[in-house]
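Chemist: These are the residues of each chain, in order.
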Amino acid sequence: MTITRINIGPVHPSTHGVIRLVVDLDGDTIVKVEPHVGFLHRGVEKLAETRMYMQIPPYTEKLDYVAPLAYDEAYVATVEAALGIEVKERAQYLRVIELELQRIASHLLGIGTLCNDIGQMFTTFMWAFKDRDMVLDLLQEATGSRMFHVNMRLGGLHSDVPPDFVDHTISLMDYMEKRIVHYEKYIEKNTTFKERMVGVGVLTKEKAIELGVAGPVLRASGINYDVRKNRPYYVYDKFHFNTKTLYDGDNFSRYKVRMLELKESVRIIKAVARAMPDGDALGMPIKLRSPNPVNRIAVVSRELPRGECLLYMVADPQKPYRLSIRSPNMINLAAISHMAKGARFADLFAILGSLDIVMGCIDR
Amino acid sequence: MEENDVGSKEFENAKQEMDRLVYESLKEKEIKPNAMFAKLSELTKAMSVTKGVVKWSRVNSLWPMQFGLACCAIELMDFGSARIDAERKGYLLFRGTPRQCDVMIIAGWVTKSMVPEIKRLYEQMSKPRYIIAFGECATCGGPWWESYNIVKGIDQVLPVDVYVAGCPPKPENLFEALIKLQKKIDGKIESR
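Going down the list, the sequences are from chains A and B. Read left to right, the first sequence gives residues 1 to 364 (our numbering). Read left to right, the second sequence gives residues 1001 to 1192 (our numbering).
No farther apart than 25 Å at their CA atoms in a straight line, the calculated lysine-lysine pairs in the BS3-like style are these:
| # | chain 1 | residue 1 | chain 2 | residue 2 |
| --- | --- | --- | --- | --- |
| 1 | B | K1127 | B | K1184 |
| 2 | A | K130 | B | K1089 |
| 3 | B | K1188 | B | K1089 |
| 4 | B | K1170 | A | K130 |
| 5 | A | K46 | B | K1152 |
If you are wondering where the hints come from, they were derived from the structure by calculation, not from laboratory data.
This is chain B alone, in the form it adopts within the complex (with noise of 0.2 Å):
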């Protein structure tokens, strides 16, 4: 696909960079590391953030956390097995814990009492990090709008990236949100 070939040939030019590098610091038989840092740095100057190798790997390999709330976390569950078989994209990398993720899926109605335990998981992360509101509790509240103990959507406590609507929304939209976000940090789609 398209938006998966973004920054390919900056990624190419960087590695021959590297490669003339570590050949010439070899021919000369003496390793200067500051002369090599140096470029080094002007290599990464030249990778910049909003375009090349580092937005690149940022797009193709969304880590989301294993963490489920409610009803959606059984779909979600269902995202990752057979049938949707999420690997094929590269999205199944849920990892148990914060610090290795990208993407927090909000799966399930926000209590009250959840909420400080949302915002700690959040803070763990490593940036740059994005949320994913799956399903409408996430999303406004859903069904539980009058009820006494709901955040009427995690946005009033988090910011996010993607909404997906539905109670529940089907493992496809999720698939379909999942490629909306890599568009989004593509910069092909305007954020509000």
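Extracted from the complex, chain A is given alone in its bound form (with noise of 0.2 Å):
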């Protein structure tokens, strides 16, 4: 047995951001594969511990670049939970609709990208981005930014929603719906994806409890676990809706676990919309300052599109004495050595799209 070795990056146009992976092969067949990280690394949780409490959030969002409203709020319910500040009725309910308007964004950009790391499949890439682009405008709509709407304060939203963003809401939901079906349709029907995805890059269920991944590739791999539903926070539990869970494991478990998100998301965003209350939804402006904090640590998880994030606070008056960042992306892809063991050269590529890893996460 001859050991070939090859390297892969930093640069690359299939490694969805700056990561270098040394790959040894056997002829068509992997060996091993090395993550090689770091080349994004700009230290946010030392630039956190100079900064103070609301001057953080811009930095915190561009962690996880592809949703950054779920880092954004992440970071703000960290903070709010070392203060002891309570946040008004409706603006949970505002916070919950653009946090699932995001993930939608999120895993149409996961999926385009997917598909066409696969090959032949540009045209789902464009798809998934016009509608991407189409959930963006509704948050411009309602933050009034495309990308890094630094949107959450202390206790609420930065600004109220305008009056007609609740219309225009359900009405891209109902489009939404019809497209995910249309998706599904032309992706779940090509055989090249199928051949590419099913069976490959298998996660089983007692490797994935010990290697400890998160959200899609965790419940891809058979097991019942969202943030959302097992520790709901704001108004996740007054509603009703399912995490989606499959036993496979593999590529296509990992993307099917996305498609059936979507369409969950999209009942969410739905019932969370009609049911919203009236009243005020504005947070503390940020030239205040802020309150001291009640308490010292502060722990908060997430449910981020990628999977659960944990956030630990050391708190010291008006600004973070220690910010700490557990991330999702890491985690899934330290699995990858696992996953790619014995699998084609080719289908490298289809296991690092199924991850959907950000590598600003990553680094941090």
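Could you fit the two chains together into a complex? Lean on the hints.
Modeler: Take a look at the structure:
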């Protein structure tokens, strides 16, 4: 057995960012994959120690730049837990709508780029980005910004939504429902797609627990765990939705879980938008000094589009003493060495695409 | 548009000249390669770099590199997708290898560990090569100004032709930047 060592990256069109993979091959079969990370490291946690509380959201947003609003909310929720601030009721509903819209945008990008990586399916990429743009337009309507909406404030939001926002949301969700069915039909009838996805990159249930993977990767391996369901926050427990679990643990299940989650997100958004109460949704303006912390240590876990994120903060007056981030992407990436073992070399990027990693979150 | 018609007259003249050469060589029924090449070299002299066919083709076929660093790369992907449809202006030949590219779009923050890699990519590109600094981070360091691992702008390492402001800039801004780069290659904008 002769081992060939191939270096991929750090710049490669299919790597979803700047990552270096060192692959050991026996013929065409992968023996070992070694990911090298750190090319985007810029010290977010260190920078956070030198900023005041509400100066930090622009930094945490850029961790996961495919779903920035989700990290924005996770950080602000940590500060609220430390300072002991209650979130206004209308703001809770609006936050849930915005988070789920962000989840839709993120999963659409994930599915689009996955299909692009597999080859021959550039059409799906185009469609997914067209629909993602529509979701971003809706978020722009609500927050005023297209990509980095620093919209969360302590106890509420930066601004209330315009009056016709709910109607626009529901009409877009009606459209999205049709589109998701359309995607499923188109993607899952494609023979190339199925051959490269079904049975490739299997992660068993036991191994998934051992490696500690999170999010859609975990749920595709047969473990029914979702922070929105298991430790509900905001108004998630008031509405009925399912966490989708599949049991094969291969590439196709990971893609399918995302597709099913899109449907669930549409359901949640519709229900929450219809039940939204009137009232005040504005949070504290950032010019004011924030109140002194009531809890020295705050830990908050949130279900991001890519899995469970844990933020740990030691609070000082006006600024965090220490902010630590447990990123779901990092742990999902660590599983690639196990998943790709025994697969063909060409399947490596299908596996990497099905993990849907964001390098900004891994390198921090 | 006006800038797309640059050198089309010279191009037509060169084409007619080539046709005439081929016709003459066929008419004489014996090919004289030396004579032909002498005429060709005169022709290429006539099509000088600063004006004529070469410049016209440089202006109108910009091939960007498929190379994204961070957040702005998402907007770069959006630039190539359905809504903006960059293909209608001829920009959407995103190539995977630097050897086939004219434009490198630095989309994202530049860390100290990425500088040697970006330099290497730039050296692999064939001349003439252009760089667009897309976004605040590539322009000046952006929000990571105080970070210990960030190069404060790619222009500290490599020459930049067009800067685009914004965090992140919209995909339309990249369109504008590429039009500006075309004008710059054309000589309509003075470079500093």
